[in-house]
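Student: Protein chains in written order, with our numbering: chain H, 1 to 373; chain X, 374 to 746; chain F, 747 to 1156; chain G, 1157 to 1566.
Careful, some of the hints might be misleading.
Computed list of lysine-lysine pairs in DSS-like fashion (alpha-carbon distance at most 30 angstroms, straight line) [said to hold, decoys possible]: (1) F:K954 to H:K22; (2) X:K390 to F:K1045; (3) G:K1396 to G:K1469; (4) F:K1135 to X:K390; (5) H:K252 to G:K1183; (6) F:K1033 to G:K1223; (7) F:K954 to X:K390; (8) F:K1135 to X:K395; (9) G:K1554 to F:K1144; (10) H:K252 to G:K1469.
If you're looking for bench data, these hints aren't it; they were derived computationally from the structure.
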Amino acid sequence: MNFEFSEDVTAMREEVKRFLTKRLPTGAVRHQIETGDAFDRELWPELAGMGWLGVAIPEAYGGAGLGHEALCMIAEEIGRALPFVPFSSSIFLAAQAILEFGSEAQKQKYLPGLADGSLIGTFALAEGAGDPSPDAVRTEFASGQLTGRKLPVFEAAAAHFAVVAARSGSGEIGLFIAGFDAEGIARETLATLDIGRPAATVTFTCVAAEALPQAGNWSAVTRLLDQAAILFAFEAVGGAQAAAAMALDYAKSRYAFGRPIAALQALKHKLADIYVATELARSNAYFGAWALEANAPELPAAAAAARISANEAFFEAAKENIQIHGGMGFTWESDCHLYYRRAKQLSGNLGSARYWRNRLIDRLMTQNQTAAA
Amino acid sequence: MNFEFSEDVTAMREEVKRFLTKRLPTGAVRHQIETGDAFDRELWPELAGMGWLGVAIPEAYGGAGLGHEALCMIAEEIGRALPFVPFSSSIFLAAQAILEFGSEAQKQKYLPGLADGSLIGTFALAEGAGDPSPDAVRTEFASGQLTGRKLPVFEAAAAHFAVVAARSGSGEIGLFIAGFDAEGIARETLATLDIGRPAATVTFTCVAAEALPQAGNWSAVTRLLDQAAILFAFEAVGGAQAAAAMALDYAKSRYAFGRPIAALQALKHKLADIYVATELARSNAYFGAWALEANAPELPAAAAAARISANEAFFEAAKENIQIHGGMGFTWESDCHLYYRRAKQLSGNLGSARYWRNRLIDRLMTQNQTAAA
Amino acid sequence: MDFNDTPEEAAFRAEARAFLNANAVLKSEHSRTSGSRAFNAEDVALSKAWQGKKAEAGFAGFHWPKKYGGREGTQMQAIIFAQEEEKYLVPPGIFNQGVGMALPTIMSCGTQAQIDRYARPALFGEEVWCQLFSEPAAGSDLAGLRTRGARDGDDWVVNGQKVWTSNAHFSQFAMLVARSNPDVPKHQGLTFFILDMATPGVDVRRIKQISGTSNFCEVFLTDVRIPDSQRLGAVGDGWKVAMTMLANERFTVGQAEGPDFDDIFRLAKLVMLDDAPAVNDAAVREKLVNWFCQAQGLKYTRLRMQTALSRGKTPGPEASIAKLVSATKLQEIAAFGVDLLGQAGAVMDSETAPFDAWFQNALLYAPGKRIAGGTDEILRNIIAERVLKMPADMRVDKDMPFNKIPAGPR
Amino acid sequence: MDFNDTPEEAAFRAEARAFLNANAVLKSEHSRTSGSRAFNAEDVALSKAWQGKKAEAGFAGFHWPKKYGGREGTQMQAIIFAQEEEKYLVPPGIFNQGVGMALPTIMSCGTQAQIDRYARPALFGEEVWCQLFSEPAAGSDLAGLRTRGARDGDDWVVNGQKVWTSNAHFSQFAMLVARSNPDVPKHQGLTFFILDMATPGVDVRRIKQISGTSNFCEVFLTDVRIPDSQRLGAVGDGWKVAMTMLANERFTVGQAEGPDFDDIFRLAKLVMLDDAPAVNDAAVREKLVNWFCQAQGLKYTRLRMQTALSRGKTPGPEASIAKLVSATKLQEIAAFGVDLLGQAGAVMDSETAPFDAWFQNALLYAPGKRIAGGTDEILRNIIAERVLKMPADMRVDKDMPFNKIPAGPR
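Okay, chain H solo, but in the shape it has when bound (with noise of 0.2 angstroms):
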């Protein structure tokens, strides 16, 4: 039985960890936020530099070829820190789709990019609100351009290029490179939820774009999303722990009535509660992360699983670390809502629950076995 990380990439995570917990003490990210820029334009370099950006990059095109798992690991370490970065968009989707997707030529020429920083993707999909569907794309490709309207982009105003999922002139939806220096790009910022993940209207009016050639049909983006659900999926639990033990913490310090509240037994069974949805997510994610790496045809369920427990731990630790806290919690100088915020954020940008317990349920009556291994 060999179900747990290797040591190498265990020893990296611990090093991600040290790094961003040293780097970002508490309130650093809060104050980076309002800046009011698009993203931590100081950190993202440091990143780079660490070579984590190319972790799951081939060496052949500037990464550092850890494979997936180790990606995994600093996806977990992104949701516990919550850098002001586009890491999610450029790594987990536009890296993810070119990998997969691309031309030899594109992966040699966007990868490196990629890896080093010095170019940021972003993932346009959705057309408003809704969950991901052939049906909903209604952006077309049509003579090499594209034309249509893309909302929410996260992260765009971060970003260079998008991987744009549109529909082709055989009326299969193909994904699409478009940078956002083209002509005929408008990207409008939103209003968002979570404030720490920006995101803008896209709007494409006939501009110059590159088809990934792998990416023929719409199978090629819920591989994408499937692939994308298993690291938002460690993030999501890497948050959900981040965010029970600040409550914890919290709890353990905070004293009422002479003792610490954290020896209320409202408190010790909710945290208990939230530390055990929290570990079933993590085994669930574990195991897709077992599936990202080997590329095994559990993938889409595993993702399913992966995604749905550990965005509801998440959002339940994020809710209930804001309760503990009580009225500091709801301030806006507790980096509690930041959590909060992610969490929402996280459970619906591949789509809703609703969305993934369909893929899932529908693949468990395909597939009649109900698990792997």
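Let chain H serve as the given structure and place chains X, F and G on it in line with the hints.
Tutor: Just chains X, F and G now, kept in the frame of chain H:
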């Protein structure tokens, strides 16, 4: 504002409560069930003698004519005390059906016996698993005879006749009275989760039956279900309150670690939540009582809300009553399980929570108003 | 059983309606309540004027003695007037702390001079009051407050920090509790004061909440001198006076405002899931019905309470139930409203987010509703102890001198 | 990261499979586990024989020293064997109390004579053990037990009542804790004994549970004489010995048996709701997915624990998580299985109720799973205190002489 039962009705309810509390000390119901008989043949005429069976039956038909609010209060006490008698089948359903849809002759024939307890009726709608639906009624009424199989028919062994839902020649569903001493009837006892409310499969083979003339189609059945749902909701409220009271008494008298376990926050908060759920259910049931008595257009929505919230509160109270009793609550010798069984019986007897949720939302969709008063 | 007013109630309701019709405008059908709104100077001026108008017409201070401008009326009149007023567009109510809490407390614990000075200006909307109770280290454990009040000649000198004070930035007076003796058990060493907010050393700062708005203040007190004549009740009786005051609060904490069943139902009819309105989805229905049952249950619980009042009985713990259930319901409804929008749930632009991002905004203020005015946990304790008569939590600090109570790392 | 055995583990697994293939029959695909089954004399005889066969072949007492017939093996071997054995139809395991708990305790706290007398008969399935700990007034508060053990010459005379004893009616020996000194604090006055169940004054009665079956016994002890040589550990050390024993229990309390996700999923595909399989209903899906995520989460948590063991690390609190989550999940799944059947949910005839009324039966034994082996509430406390290092609950009785501790009305 006069949203409370009248003093007369409240006084009567106190009388019922006093009587049943004294008449049925702890264990009495269980011992009665263990006799293996179909119901408590001693208690039944006593209830009749007090005039409680006929409380909502007009004086012209041998009842007390006190209306449905009075019956609601008795239903609550039935739910609290769990007497082993076919009260709900005979009064909430059979008598109610005849009162609502019977001819004058039928009322004169059946209601006095139902009121004085000499006649026991029941209701036969279900034909196996599933929710109430005209399509699920395959029993047929033709040439004055019923043919089909009903399952489960609660308290069939105690009853003299059933009000049976069946499809007539026109294809419409109607309600029909069939005597259990008629030729062609077969009653086969079923094992039931709720041992205090036995059931049978009743097979009708060309059984002579008489139609309730005012019950001409499926809407008669749903009307009867709405009315009964409110009475059963009061039963559930009474059950919830009794189970919670049992848990509370036990928690106050059971000591661990030198204090009553009622001092533990886990128990305090659990019982507070159950109290809140029960109070909300009670308020919804009160609105149901008003709608029932006033024959208000809000009846269907009121019935659904009353039933759903009462059944949820009851199951929660009954389940956690066992939990709070610990090992003791898990033994046959404790009465805890009688409430647990009853709660589950009530949650399906007139159709599942899903069925009532759908009826409620469909109703709200059409009425485009969410509440009256 | 019916929902009708008694003849007296009906007459009063007609009177109230006549006054409101003459002086205010009815709300439109779908007006949106929000649980998070900060008041500006204009709001305050309008509120003061409206309070004055109501007081003149006899629609304020329903419980107050007539000699101080009140009505000597019934609880039901107060309820009926509130029911009717709710239907109109009126300025925000900022007089509850003064008229509903401070002055009744002064009337029962204060001197005649204090009553004469403060009653009418409060009732007629000239002076706004706030409440300086909570502290950063004393929230649920109110009696653990640390603001120090030391006697100095005819004055008291107060130092400390108060927090979660609504309306402090435009209040003229405050009810203040401070610790006058730290050497005795915590409930015994408190004293209650009337504080003029214009006193030097009173520094009011607004607190920015999660949502970005500021409904509360923190108040720093540095060598604030309060004349002993402004003391309310005896030295050391502060807890008793505070409890008198909080008993009046019970009637005023009610349901959390914000989107409720009707609103999420409307959203569910609007939003499409797989080409059908979300309201057709069984999982959506399950949640909707749950909230409907809660909302209706709260409504009819309130009507049962009003019936008890109408019959001259003392109401039960309905206010605790309403706050506990409605705050959680609000947070759930807000979260679900966001979830229903799928990939665009996190967008708050009013162009994209239905109803001007009402659900997203509610999600950001809902956590406060589960905390302010008694946390969920405190409310469950109250229900368990006061209604179900379960034993109080064990307290290590009950009989300990205040300055010996463990207070953790600072 | 993978799910593969190490070479050593793989070799052992092959060995175990070979033994099982030669001696037992594989289960069919849809065999139903039940959390409530009472054992009859035939079950006991078959169990004893099977235990003997395993012990002979070296597949019992994995942790035991070789000199007592054990394997001196690893925790992983025990797990692998259990994983493989689970796939076969084998008699019920009734030796856990003896082989897994009693004897390891005797080996660490007992005399050599005690070890020599009891080890082999337990390992080879000749003698069954049970555990006489819980009492009617001492469940979660085990140290509050009242069974009195008084020294009388070379014997101890024991009086009291024990309860919730599995297997007592066919056990030869019991681990017994009694109060030898009521004048000292509760944890200090206990002494541990080995009781021969055939001793006069031992009266075993089976307890009828909600479900009608009897998995547990109550044991009345009336002037039961136990020779001092049967004492385990020092006089007054009973709590320490009991804790040693319960530390071994941690590995044995696992998931609640009964219908799980796969089963409710199968039911949901079978049952029709409005002319479509229930599994198509969004509300049903929401519940199914919740249980799937829990079941999978527990599975992979277990595999993470096994990986830790395989790497020679001490496993964490996974057993507490598994019991807490699975007992509640079981009750929910059972209740939902009943609900899915609508009007016929309450029918338990196997002809009508799918899978021989498996869900209805599970609903009746599920409450016990949330109580036995640590209630939900105790498990949450354990997780909070041992994993999250939160403070212990306050205890009034900790340092009080036992006979002064408030015990409530009797």
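Student: List, from low to high, the hint numbers that the structure doesn't satisfy.
Tutor: 5, 6 and 7
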